[in-house]
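So the sequence shown is numbered by my numbering: it starts at 1 and just counts up by one.
Incorrect hints may appear among the rest.
Said to hold, decoys possible - No more than 25 angstroms apart at the CA atoms, straight line, and that leaves these computed lysine to aspartate or glutamate pairs for DMTMM-like:
#: 1; residue 1: Lys48; residue 2: Asp18
#: 2; residue 1: Lys13; residue 2: Glu28
#: 3; residue 1: Lys48; residue 2: Asp24
#: 4; residue 1: Lys13; residue 2: Asp24
Unchecked claim - Here are the in silico distance ranges between beta carbons for each label pair:
#: 5; residue 1: Gly53; residue 2: Lys13; range: 17 to 25 angstroms
#: 6; residue 1: Asp40; residue 2: Arg7; range: 41 to 49 angstroms
#: 7; residue 1: Gly55; residue 2: Phe34; range: 17 to 25 angstroms
#: 8; residue 1: Gly38; residue 2: Tyr58; range: 15 to 23 angstroms
It is worth saying that the hints were derived from the structure and are not from the lab.
Note that the Cβ used here is the ideal one computed from N, Cα and C, for glycine as well.
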Amino acid sequence: MIAEATRDAPAPKPLRADAQRNRDRLVEVAAQMFASDGVDASLEEIAKRAGVGIGTLYR
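Use the sequences and the hints to build the structure in full.
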């Protein structure tokens, strides 16, 4: 039954260009911060350094 539901699920929509840029930047900054600060990296600081609002990070 699960296979049927998964098979019939629509493909996710591609991200808008600005949303993709934000996501790419967040991932890049997060990787840098986790490499340098480990688990002490703050989500607020990641968002700030990526140039996005904290709500964007949580989305």
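Outcome of the hint check:
1. Straight-line distance between C-alpha atoms of Lys48 and Asp18 comes to about 17 angstroms, which keeps the hinted pair within the 25 angstroms bound.
2. Of the pairs offered as hints, the one joining Lys13 and Glu28 holds, with about 22 angstroms between alpha carbons and a cut-off of 25 angstroms not exceeded.
3. With a C-alpha separation of about 14 angstroms, the suggested pair Lys48 and Asp24 falls inside the 25 angstroms cut-off, and the hint holds.
4. Annotation: proposed proximity of Lys13 to Asp24 holds, straight-line Cα distance about 17 angstroms (limit 25 angstroms).
5. Here the CB-CB span from Gly53 to Lys13 is close to 22 angstroms, well matched to the stated 17 to 25 angstroms.
6. Against the hinted window of 41 to 49 angstroms, the Cβ-Cβ separation of Asp40 and Arg7 comes to about 42 angstroms, which satisfies the hint.
7. Separated by about 21 angstroms at the C-beta atoms, Gly55 and Phe34 satisfy the suggested range of 17 to 25 angstroms.
8. For Gly38 and Tyr58, the hinted distance range of 15 to 23 angstroms is satisfied, since their beta carbons lie about 21 angstroms from each other.
Violated hints are absent here; each numbered hint is respected by the structure.
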